[in-house]
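**Student:** Residue-level listing of the chains:
Number of protein chains: 6
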Amino acid sequence: MVTCSPFKRVSSLVTQLRNGAILGSTEASLKVLNEIKDASRECTLKEFRKYLQEAVPSFIEGRPTSILMRNLVRKYLEQILRAGKEGGFRSVVEKTPETVDSIVKEVEEVKKAVVEVGSRRLSDGATLMIHSYSSTVIRLVMKAFEEGKKFKVFVTESRPIGEGRITASVLGRAGLDVTLIVDSAVRYVMKRVTDVLFSADAVAANGAVINKVGTSVVALAAKEARVRTYVVAGTYKFGLETVFGELVEGMVLNDASLIMHPEQATELAGKVLVRAPLFDVTPPEYIDAIITEVGVVAPQAIPLVIKEKYGWPPKVARVNDLLKEVVGIE
Amino acid sequence: MVTCSPFKRVSSLVTQLRNGAILGSTEASLKVLNEIKDASRECTLKEFRKYLQEAVPSFIEGRPTSILMRNLVRKYLEQILRAGKEGGFRSVVEKTPETVDSIVKEVEEVKKAVVEVGSRRLSDGATLMIHSYSSTVIRLVMKAFEEGKKFKVFVTESRPIGEGRITASVLGRAGLDVTLIVDSAVRYVMKRVTDVLFSADAVAANGAVINKVGTSVVALAAKEARVRTYVVAGTYKFGLETVFGELVEGMVLNDASLIMHPEQATELAGKVLVRAPLFDVTPPEYIDAIITEVGVVAPQAIPLVIKEKYGWPPKVARVNDLLKEVVGIE
Amino acid sequence: MVTCSPFKRVSSLVTQLRNGAILGSTEASLKVLNEIKDASRECTLKEFRKYLQEAVPSFIEGRPTSILMRNLVRKYLEQILRAGKEGGFRSVVEKTPETVDSIVKEVEEVKKAVVEVGSRRLSDGATLMIHSYSSTVIRLVMKAFEEGKKFKVFVTESRPIGEGRITASVLGRAGLDVTLIVDSAVRYVMKRVTDVLFSADAVAANGAVINKVGTSVVALAAKEARVRTYVVAGTYKFGLETVFGELVEGMVLNDASLIMHPEQATELAGKVLVRAPLFDVTPPEYIDAIITEVGVVAPQAIPLVIKEKYGWPPKVARVNDLLKEVVGIE
Amino acid sequence: MVTCSPFKRVSSLVTQLRNGAILGSTEASLKVLNEIKDASRECTLKEFRKYLQEAVPSFIEGRPTSILMRNLVRKYLEQILRAGKEGGFRSVVEKTPETVDSIVKEVEEVKKAVVEVGSRRLSDGATLMIHSYSSTVIRLVMKAFEEGKKFKVFVTESRPIGEGRITASVLGRAGLDVTLIVDSAVRYVMKRVTDVLFSADAVAANGAVINKVGTSVVALAAKEARVRTYVVAGTYKFGLETVFGELVEGMVLNDASLIMHPEQATELAGKVLVRAPLFDVTPPEYIDAIITEVGVVAPQAIPLVIKEKYGWPPKVARVNDLLKEVVGIE
Amino acid sequence: MVTCSPFKRVSSLVTQLRNGAILGSTEASLKVLNEIKDASRECTLKEFRKYLQEAVPSFIEGRPTSILMRNLVRKYLEQILRAGKEGGFRSVVEKTPETVDSIVKEVEEVKKAVVEVGSRRLSDGATLMIHSYSSTVIRLVMKAFEEGKKFKVFVTESRPIGEGRITASVLGRAGLDVTLIVDSAVRYVMKRVTDVLFSADAVAANGAVINKVGTSVVALAAKEARVRTYVVAGTYKFGLETVFGELVEGMVLNDASLIMHPEQATELAGKVLVRAPLFDVTPPEYIDAIITEVGVVAPQAIPLVIKEKYGWPPKVARVNDLLKEVVGIE
Amino acid sequence: MVTCSPFKRVSSLVTQLRNGAILGSTEASLKVLNEIKDASRECTLKEFRKYLQEAVPSFIEGRPTSILMRNLVRKYLEQILRAGKEGGFRSVVEKTPETVDSIVKEVEEVKKAVVEVGSRRLSDGATLMIHSYSSTVIRLVMKAFEEGKKFKVFVTESRPIGEGRITASVLGRAGLDVTLIVDSAVRYVMKRVTDVLFSADAVAANGAVINKVGTSVVALAAKEARVRTYVVAGTYKFGLETVFGELVEGMVLNDASLIMHPEQATELAGKVLVRAPLFDVTPPEYIDAIITEVGVVAPQAIPLVIKEKYGWPPKVARVNDLLKEVVGIE
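Protein chains in written order, with the numbering used here: chain A, 2 to 331; chain B, 2 to 331; chain C, 2 to 331; chain D, 2 to 331; chain E, 2 to 331; chain F, 2 to 331.
Bear in mind the hints are in silico, worked out from the structure with no lab data behind them.
The reader is advised that the hints may include incorrect statements.
If chains are identical, the list can't say which one is meant, so a pair holds when it fits in one copy or spans any two.
[As the list claims (entries may be wrong)] Below, simulated DSS-like cross-link-like pairs (lysine-lysine); rule was C-alpha separation at most 25 Å, straight line:
no., residue 1, residue 2
1, Lys310, Lys32
2, Lys144, Lys113
3, Lys9, Lys113
4, Lys112, Lys9
5, Lys272, Lys150
6, Lys144, Lys272
7, Lys113, Lys32
8, Lys192, Lys153
9, Lys316, Lys144
10, Lys106, Lys316
11, Lys112, Lys316
12, Lys151, Lys192
13, Lys9, Lys151
14, Lys106, Lys144
Just chain A, with the same shape it has in the complex (with noise of 0.2 Å):
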C-alpha cells in the first residue's frame, strides 16, 4: 500500500489541473515537477516508481493544452534516464531533486530572458490589453513599469474562473492605471488599445497560439481595430508534438456551477448543457509576433526557433516510452 504524502496529494492535484484552479501554465508545469520532486524524497523507492507510472501521466492528462508541462517532464525523464541507465532506479531516485531543480532554475531564466526582450516592446504611454492571467505577462509589464514606463492597462475579467482579477489587483496594488472589464466589453474599449499581451499554454509549429478561451476573441478584436498582439512564449512551450502533425487537445469543463448558482444549476440539469472551454485556439494570422527568450518572432517563424533547440524535424522521444523506460530500469 501506497502511504507516502505526495501519492496522496495526486488526485486532488489532478483535478485542480483539470479544473484549470492553478493559475498560469508554468505554475502548474513548476508544482507537477516539484511535486514529483517531493515524492523521491518523501516515498520509498517502489512507491516512486509507482509514482512515475501512474501520478505523471494523470498530471499530463490533466492538462493536455500545456505544453509546458510535457516538454518539462519530457526534459526530466530524458535526463534521469540517463542517470538510471548508469546506477539503476536507485540512481533516479537520488538524482531527482538536481535534475529538478536545474530544469526549474532554467525555466526561471527563460522566463527572465523573456520578460527582458518583452519589455523592451513596450513604448512608454502605451495602452494595454492582457486577457487573462499570466506570472510572466505580470512581471514583463512590471519590470517595464518600473524602469519607467508608464501605461493604461485593461483587464479582461477572464471567465468562468475569473484570474483576470488577480491580474488586475497585482498591477493595480503595484500603482498601475488599471481598469478591469468584463470579456464581452473587449471590443467596446479596444479602439483606445495600442497593444494587447497575452501568453500561451502550447505554440503550434504552424504559429497557431492555445490560450486561455478568449484569447482569439481580443486576437481579432485587436486585429479589427489595428491593435498590435503579442504572445509571451518561452520555447518551452512550443508544441514539437504538433510538427508531426499531432493536435493540440483541448479541455472543456462541462461543470454547470462554474456559471450557474447551484441551485439553478441542480435544476437545469438536463435541460441545460453548460460548457466552458478553458482554451480556444488563434490563428497565426492574428497575432503580429511571439517574445520568446531568443528574440521576437512572426508566429509563422516558430519552426526555426524550434530548430535552434530541437533540430528540425525535432527530436521528441514520447513522455509515455520514456517513462516506461524509467519505470523499467532495475
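Following the hints, put chains B, C, D, E and F in place on chain A, whose structure we already have.
**Tutor:** Just chains B, C, D, E and F, lined up with the frame of chain A:
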C-alpha cells in the same frame, strides 16, 4: 408633500433601470408606462403633474440607451397632450390609463408581428446563437420550435448581469437543445452556428445597433465565420433623433462588486477601476438583416422603415418639450 | 378526361423547369405564361379550370427560386380575378390571352428599360466577366457594343449545364472579343476584369441575390480584387414574400449523369452522391449595385424600390389563395 | 460682338474650374450662379441669350464632377423657363437675379441644416481627420467647437493644390488644436483618430462618393483602423443622373508643373507623364454615414433621400435640353 | 537513326504531360524517371545520350509547373554525373536503373511520411473538401479512415479534365461518405466543411502554392468561412529556383474542345477564344499549414524546410547545365 | 582644437541625415562610411579618436531608422577593433580606409545580387508602382528593362521631400513609360498595377518593414486590390536589435516650411502644428515577399535569413559599446 405610492417607487425603479435589473428593453419600457398609469390613478391631480414633471425624465435618464422607452413615452405624451388641450389637465389624468393601455396593446401587436416574421426566417435544423436576453427573441424561437422546427441553441452568459442564464433556462425548460457558454467562448463555438439572433435597445438611422455589451463581439465573430446575423427589433426601437445627428448615449456601470467579490472590491477601491459598459454599438456591416414588424430589411434600409411610420425626415417632438406642454396645461 | 394539348405538355415543361433546361429565368416565366394563354384557347372551360388548379402550382414548384415567375403569375391571377368577378369563369378564359399579352409586353418594356440603364453604366474599354446566361445581360452588353463601346468579355462555362457556352457564342458571333473559361478559373483571370455582370432569379428584401450557382464565388473573387459587380434585375424579380421573412427555396439536382458519364454514374450509384445545386445566394456586401428599370441602387436599397411598386410593407396575396379564388368562380 | 464684362470673364472662370483653383464645390457652384446673375444685369438681351447658350455649358464641362453645379443650374433653368413661358425672354432676363438669389439662399439654408445635424454628431474630446478643404466641414467643426466641444484635428495637405493648408489655417487661427500632415502620413496617424470628415463633389445613387483625390485612401485607412467616416453633403450633391446609370465624369490634370519645378517639367516633357487626378471614388462600404440636411443615413439609403426631394425614379430634365428651351424663347 | 522504343514514346508522353492526361504531379514525375530507366536499358549508348539530350528537356517543358519533376530529374542527373565522372558514359547508362530506383524509393518514403503526418492532423468527424486529384491526399485520407476516423468528403469535379471524378470514385468505393460537386458549388457547401485538403505542383519560396486551377478559389472561399486549409506536399515539390526570383511558369490549354462540343468548337473558331489554365497560384495567407514529410509548418516557413535539405541559399544546379555535363561525358 | 575638414563637415552631414536630404538609405550609409575613411586620412590621430567618439554616434542618431547604417558601422567597428587590439590605435587609423573599402565593396555586391534576384521576378508587360526613391529599386527595374522586358511604371511624388521626382526622371530619361502621380492618387491608379516595389530603411525580426512614409498606405491599397508587393532589401537592412525586442525609432520633421510657404509658416507658428513623419511601418501581412541577396522570402521568414548571416539568436554587439572599446585602445 407627495404621498401616493407610485411616487415612492420612482427612485427604486430608476435604480433598477440604471443597473440593468429589469431584463429586456421592452419590459423596462412597459414597466415605466404602467407606472405612469398607476400614478394617474393613485395620485392626486397635483401629484400626477409633479410625477410627470419629475419621474418621467428620471426614468428616461435611467436608461438612456432605450430608444423604445423614449419613443413610447413620446407617443403617450403626444396623445395625452391632444386630450389635455381639449379637456384640461383633468382629462390628461383621466385619459392616461386608456392611452397607456392602447400603447401597450400596440407594442404587443408589433412584437407579435416581429415574432411572426422572424420565426419564418429560421430553418429547421439550424444552430442558433442568442446573446443575452430578449423576450421577443425567446418568443420568436419558441414559435418556430412549436411549429416543429428543431434547433440547437447556444446562449451566452452575458456578464456582468448574466441574463443569458434566464434565456437558457426558459428555452431549456421548454425542451430545446440548449447550451450555455461563457461570453469569451463565442468564437470557439461559432463555426458550428448558422444564425445569430439578438435584440436591440436602439437602432440608429444609419443602421448601427445599440444592444447589450458583447453584441458587437458576437457579430464580429459571426462575420468572420460567414454566419448570418439577425437583429430582432420592432420599429419602436428606431432612434428618430439619430436621424438628426444625435448620438445614443451609452451606459457604464462602475460598480466593482459586479465583477469582484465585495471584499476584494473594497480592498482594491482606488487601485483597480472596474468598468462594465452595459451596451455597445454594432456597425451595420456586421448585420445581415433587421427583422421588424413591417419586414426583413438590411440595416442600411432603416430610413425607409422610419419614413413609413413617421415621414422623412421624421417629425420628432422632444420629450422634454412635450412634457413641459402637458404639465403646463391648466 | 383531359385531352387538350397544353395539358399534355405540362409534365414535360415541369421537367424542363426542374433541370434548368430553359435558360434564363425570364424565358422560363414567359414560357409558362404563354402556356396558360394557349391553354385558355385550346382547352375547354372545364379543362382550363383544371389547368389552373394543377398545372400552375406545379410550374411554380418546378422552379421555386424564380421569383419572377411567381410575381408574374400573381399579377395574371390578380387581373383575371377582377375579370372573373365581373363576368364569371367564362370571362376568366376569354380575358386570359390579352391579360397574358399585356404582362408579356410589360416584361419586355421593363427589360428594355433595364438594358437602357445598364448599358450606360459600361465604360468603353472595360473588361467584363459574365457568369452563366441571361438574355437581359446579353442585350445590355450588345446595346453598349452597338453604340460603339469596345469590351473584352470573359464568360464562365457555368457547369453543370454549361449555359455560358451559349452566352459566349452569342457574343462571339456578334463580333465581341470573347473568352470562355472554366468556372474554377474565375480568380485566375479576375485581376484583369473591371466589371462583373450577372442576372438574378430573385433579389431578397435585404439585398441578397439568388442566382445560378457560382455567382457568389464570382462575386467573392471580384470583391477580393476590387472589381465592380453589377446585378441586372428588373423589379419583377424582387422577392416580395422575403419582406415577411420567407426564405427563397433552393434547387438541387442530384442527377449523377450531369457530372459523370452515365456508366460511371451507374457503377457508383450509392457510393458517390452527386450534388449539383442550381443556385446560390450572394450576400449584398459583395454587390456594388443592382441595375433595375427604375435606377441603379445599392442592394440594401431594394426595399425602396419594392415600395415604389407595391407599397411598404407590400401587399402580397399568396398565389395559392388567388388560384383558389379564381378556380372557385362559377 | 459681345462686349459685356461677364462674358469676358467666362474663359478665365472656366480655367479656374478646370484646375481646381476655386476651393470647394459649393463655392464654385455659387460663383457660377452669381455670374449668370451678373450677366443678366450687365449684358444686353441678345448677349444674355448667347451667354446662356455658350457660357453655361462650358461652366458645367469645366467641373464635370460637380453634381451640385449641375443640380443648381438645372433648378435655375427650370424656374426661369416657367417665367419665360409666361413673359418671354425679357422675363427670363428680369427674373434671373431673384431666381439666383432664392437658390443661393436655399443652398445657404441647406448648408446651415447640414452643419446643425453634423455638429451634433461630434463628441467632445474627439480626434478628427479632415481631408482637403470644404467650407461646410469647416463650419460644422467650428460650430461644435464654439458650443464647447474640444477636438484635436489632423488636416491633410491635399496635393497637388494643397488646399488642406487653408483648412488648417482657418481652424488653427480659430484656436483649435490643428496638425497639418502630408497626404501619405494618413495611416501613420490614423490609429489616434476617432472620426474622419470630408465633403463630396457628388454622391452616386448607390452610395459611392466622388470627392477630392485621396478621399478613398483616407477612407480605406480609416476602415482598416475602425475609425468612423462621415461624408458631409447636402442633398443638392446627389447625382440624379446616376440613378439612370450615368457615370460621374472624372477630372484629371496633366499639368506637370503641379508636381514638378517648371524647369524640370520642361526638361522631362515627353519623358515623364504627370497625372494629377483631382477626384476619386470612395465605395459606400468605407463610409459610415452621410450627413445631409434631412438626416444622417447610411450611404446605401441615398435613394430614399433622393426620393423625398425628387420622387422615384426622380424626374430629371437634362440641363442641355432645358437650356435649349430657355434660349429658344422669343 | 533512333529506333529504341522509349524514344518513340517521347512525343506521346510529352503530349500527355501537356494536356494534363497523367493525373497527379507525382505520377507524372515518376513516369518520366521510369522512362529514362527504360531508355537506359532498351537504347544503345548513342541513343541514350541523345535521349538525355532531347527527351529530358522536352519532358520538363511539357509540364513546367511541376517542380517535383524538375527536382527529381536534377537529383538523378547529379548522382549519375558522379558515376559518369568516374566510369565514363557507359557507367551513366549502367547506373541509371539503380539510381532511378533509389529515387523512386525515396519519393515513396517521403510520400509515406507525408501521409503519416497528415493523417494525424484529421479529426474524427471532420467534413473534408478535396479539390482535384492527388494520390497522396487520397492515401492520407484513406489512412485516417482505416484507422477508424469517420469523414464526410466533398470532392470538386475539377474541370476541364474532371479528375475529381477519380478522387470521388476511389474514396466512394472504399466506403467513405463522398459527395461530388461542380466547381462553382464550393462556396455553397463551404459552411459545412471543416478542413480543405489539396496537393501542390510547386511551393514557392515565399509560401505561394501552384496547384490545379481553382485551388485558389477554394482556398479563398475557405478563408471567408474560417475553414482550415492544408496543402499536402513533400519537400521535393519546393521550388528551389524561386528562391532566386524565378517565377514558376504557368500552363494554359487553348483547346476549345475541352469545354465545347467539337462541332461547336469548330463553328466558333476565331470567334470565341477558349482558355483553360491548368494551374493557379494560391497566396500563403489563404493556407493554414503545409504538411511535409518533416513537419507541419506555416507556408511562410518554407525557407527553413528548404534549408534543412539543401542549405540556404540552396545550391541549385540548373537542369540544363547538368544535362550538358552528363551528355558531354565520354 | 579640431581642424581637419571631415570634422567640420559633421554637423552639416547630420542635418542632411535628419531632414532626409540624402536620398536612399544606402547612399546615406555609404556616405557616412566614406566620411570616416576621409577622417582617418585627413585628421590627426587624436582628432580621429575624437571623431569616432563624437561624429559616429551623431550620424547614427541623425537617421535612427537606418538599420543599414547601424549594421555597417557595427561591422566596421568589429573589424577595426580586431586590428586595434593587435596594432594599437595607430592600426585603427591605418586600417580604416581598406576596412571601409571592403565593406563598401560588399554592400555593392549585395546590391548587385539583390538586383539580380529581383529583376528575374518582374514579368514582361507588368505595370509597376514605385514609392519614393531607392537606387537599388531603380537598378533592379533598369536591369529587367535592359534585358528586354517592357513595363509601365507609376511613381509617387513622395512628399514632403518629393524624391519620387528623381525616380521618375531617372527612369523616364532611360526610356521607360513613366507616370508621376501625387501620393494621394495611389488608390486611383492601383487597379491597373500588377506589382508594387519599394525599398526599406529597416526590416524588423517579425517581418515589419520601416520605409519612407506612405509605404504602408501604398501596401494597404495594393492589398485591397490584390496587387503583389515586393520589398527590395539586402540583409544588411535587417534589424538585429529588433530580435531582442527593441523598436526601431521613427523620425518626424516638424519643420512647417516643408509643407507651407515660409511666410504662411511664420504666420501660423504656434497655431498650426506641422508633422512630417519621414517613415512609417508596414505590417508583414501587406507584403508578398522580401527580395534579398540570398533569396525571395515571405517577410515572416526573416529570422531564417538573419540566422544564416549572424546565427540565432544573432550575436549583436551594441555600437556604443564597440565605439567605447575602439576609442579606448591605446
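**Student:** For every hint, state whether the structure bears it out.
**Tutor:** Verification of the supplied hints:
Taking the shortest alpha-carbon separations for Lys310 and Lys32, only the intra-copy value of 24 Å comes in at or below 25 Å, while the best inter-copy value is 40 Å. Proximity of Lys144 and Lys113 under a CA criterion of 25 Å is satisfied intra-copy only: 10 Å inside one chain copy versus 44 Å between copies. Neither within a single protomer nor between protomers do Lys9 and Lys113 lie at most 25 Å apart by alpha-carbon distance, with minima of 33 Å and 46 Å respectively. Proximity of Lys112 to Lys9 under the C-alpha cut-off of 25 Å is found in neither arrangement, the shortest distances being 31 Å within a copy and 48 Å between copies.
For a Cα distance limit of 25 Å, the shortest separation of Lys272 from Lys150 across copies, 18 Å, qualifies, whereas the shortest one inside one copy, 51 Å, does not. Taking CA atoms no more than 25 Å apart as the test, Lys144 paired with Lys272 passes between copies only; the shortest distance there is 19 Å, against 49 Å inside one copy. Proximity of Lys113 and Lys32 under a CA criterion of 25 Å is satisfied intra-copy only: 18 Å inside one chain copy versus 40 Å between copies. Taking the closest pair of Cα atoms, Lys192 and Lys153 come within 25 Å of each other both inside a single copy (13 Å) and across two copies (16 Å).
Proximity of Lys316 and Lys144 under a CA criterion of 25 Å is satisfied inter-copy only: 24 Å between copies versus 35 Å inside one chain copy. For the identical chains of this complex, Lys106 and Lys316 are neighbours both inside a copy (23 Å) and across copies (24 Å), given an alpha-carbon limit of 25 Å. With identical chains, the CA atoms of Lys112 and Lys316 are at most 25 Å apart both within one copy (24 Å) and between copies (20 Å). In this assembly of identical chains, the alpha carbons of Lys151 and Lys192 lie at most 25 Å apart whether taken from the same copy (19 Å) or from different copies (19 Å).
For the homomeric pair Lys9 and Lys151, neither the shortest alpha-carbon distance inside one copy (47 Å) nor that between copies (41 Å) is at most 25 Å. With identical chains, the CA atoms of Lys106 and Lys144 are at most 25 Å apart within one copy only, with a shortest distance of 20 Å there and 43 Å across copies.
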